[in-house]
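Student: Take the given structure of chain A and dock chain B to it, following the hints.
Sequences listed follow chains A and B, in order.
So the first sequence is numbered by our numbering: it starts at 26 and just counts up by one.
So the second sequence is numbered by our numbering: it starts at 26 and just counts up by one.
Remember, identical chains collapse to one label, so a pair may be satisfied in a single copy or spanning two.
Here are the simulated DMTMM-like cross-link-like pairs (lysine to aspartate or glutamate), alpha carbons at most 25 Å apart as the crow flies: (1) 426 / 382; (2) 27 / 77; (3) 280 / 50; (4) 423 / 383; (5) 423 / 256; (6) 417 / 366; (7) 262 / 401; (8) 262 / 191; (9) 140 / 92; (10) 63 / 108; (11) 325 / 218; (12) 27 / 49.
In case anyone wonders, no lab produced these hints; they're calculated from the structure.
Protein chains: 2
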Amino acid sequence: MKSVAILGFGVVGSGVAEVLAMNEDKIEKHVGCKVRVKYILDLRDFPGSPFESLVTHDADQVFGDPEVSVVVETIGGARIAYEYTKRALSLGKSVVTSNKELVATHGPELMELAKANNCIYLYEAAVGGGIPIIRPLHRCLAANKVVRIAGIVNGTTNYILTNMRDNGETYEDALKQAQANGYAEQNPTADVDGIDAQRKLSILSSIALDGSYVSPSEIHTVGISGLSLDDIGFAGKIGCKVKLLAVLDNQSEGKAYSFVAPHFVRSTSVLYPVEGVFNAVVVEGNALGEAMFYGQGAGKLPTASAVVGDILEAVMPVEAVAYAHNWVVPSEGERVTLPYEDAVVKIVVRSASASIDDMKKVFASYDTEAVLDDKDRKAIFVRGISNKDIDKLVASVKDAKWMHLYE
Amino acid sequence: MKSVAILGFGVVGSGVAEVLAMNEDKIEKHVGCKVRVKYILDLRDFPGSPFESLVTHDADQVFGDPEVSVVVETIGGARIAYEYTKRALSLGKSVVTSNKELVATHGPELMELAKANNCIYLYEAAVGGGIPIIRPLHRCLAANKVVRIAGIVNGTTNYILTNMRDNGETYEDALKQAQANGYAEQNPTADVDGIDAQRKLSILSSIALDGSYVSPSEIHTVGISGLSLDDIGFAGKIGCKVKLLAVLDNQSEGKAYSFVAPHFVRSTSVLYPVEGVFNAVVVEGNALGEAMFYGQGAGKLPTASAVVGDILEAVMPVEAVAYAHNWVVPSEGERVTLPYEDAVVKIVVRSASASIDDMKKVFASYDTEAVLDDKDRKAIFVRGISNKDIDKLVASVKDAKWMHLYE
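Just chain A, same shape as in the assembly (with noise of 0.2 Å):
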């Protein structure tokens, strides 16, 4: 049994609290040992919380419990947290964390003081919410020479460029909904005017150039606030979208440069169909080429997944972490997967005879919809439907094909 404490009981907080519970028993297999939340800190109360048990007002109960051995701090900002952080890591108890103001802030003197105490301080969430990208930066690409790296880092701002493109939007009503619907903070100051890309921006350029600290005060930033319904409309004239990137620059040896600004990005580029709340990674390496890293970049149960990942990495002994997990063969005879004729899937139907009304009669029993009703050529999606069933209700449709549907 390892035990944890959550200071700070708010969205990714609360998030990493259920995350643990809905995937105990996969988490209890990967580490060996059961994973629970033993407090959480918090000034608030949570009545009605399943988690409410846990809740303590009193720091010194926490970080004085020998059987504390991680801390996840999701309190943000670089006060409190930063002294709650030195308190774990001093006491040896290694720190997880999404917040990127305090890695990018006082990353170098917490991961200092986590090595002199034997813990570690680690912070996959702080960049990408649960996209996994800290991680395979430092280790997967550790045979690389960075090149570049350019990133969709904020959702918000790409959210509010995504609607302005779409709906016409201009800047201020498209902030307006995005805090509407929750993606845009009431102060969207730290999203829209690009500090929250420059701090991801400052974590990303020190790893990628192998731990030389790049703080955020080098980081030139413009965010998205000054740009207007014709910036978008000509983007499209020249083939590109406008998005806000966080690029690193490492192309030539010595001349590393690293700033936040809006970018024209041309439809050729990978992250040229990158929208809404989603982010991306791109990462060159000089042996690697180009990689990106695509997903959720926010949120609570994304940025929980990362923060749980990390959890798991700390309180496992350090050679299950470097070891990659043994794999075990079923029993004679059994098999870990359905075998294929039972698989539940989706295929798309095609003919050139047959009538949509024929069609869909003969998979009545499934999810069907219309997708092409043309002349000579009729298409239907049939959804929910076992591979041992459809050859022989293909067959049951004049001059009919199918395959696979992947949506």
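Tutor: Coordinates of chain B only, in the frame set by chain A:
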């Protein structure tokens, strides 16, 4: 100093030697000591190669040398590679490989052998070439139940399908083209019949299902050789593209299934834009939601990048692997990156009244390209300009505005 031996000096094996040489300094900094290739075991000689002097035909010399702590298996296949891998692991030498056939076929036995001998068997390069996917799936997503994986994991077939679609080539012609360009083997069976994708899916599924080994023999597999131009053209009519997908579906408890088959992929999917020899794997976790890993799935240096990443993990003390590296603050008054003003960038300059010629004249000392020449709006790309020179030059173009360009 850490010594490694490369078994099999083909495309990937020689790439590994090249990457270790090319990024020697960076690697020494990351690991904390030099990593050198001590032996290259191959049946052939390589006269003229910079690594000629390391070549040996004597396996006993390699395995008998206690200095060799990591063996790189880039032989391929599941015969000699299997014997050598067992021999190395039995001796407590960690093995790193790009050999998906061996991992998919004998993974469980080899991982157990590694554990029993206190060493590790790593295979990041076996899926997705250089794209980090094995480690992120195993470690960063450890907090998730993986509910779905869908991957374009074979570049050869994706290249053929892209050419059929874009150039109207038949399957046979597109295959010949792929062979001529070195993207398909002379015997293309393993690729076009989906066997390569099957092996990769076996590996991904076994990790996603927490170590329950999904043998390739469990995976129903259909290749692309039966596809017609009509299939490809039809896909376009319903807003899809045809892609060979490796799918693991684990949405219903106890009803996981894995199969490889051509799919119609809808334009709303993030897999839709993945073209040519690129690979992409979408992973859906129950906390994370969807994330995608994208990049070059094959090739000498990209694949070697992943192999060398594993080598570094294998040679490092486990503590160093588990812990994030520390960041070093530059001396007082110094900075890591160039000041913004000195960064050399690309921009778009646009004007409602200046002509293209006017604009090109102002930016004559840079690389310029006209991109829009409408009656009421002109625009050029300017490449290679310093940020500090932008404003004053743009000011000398009538009614001009500018923004950074990312391409």
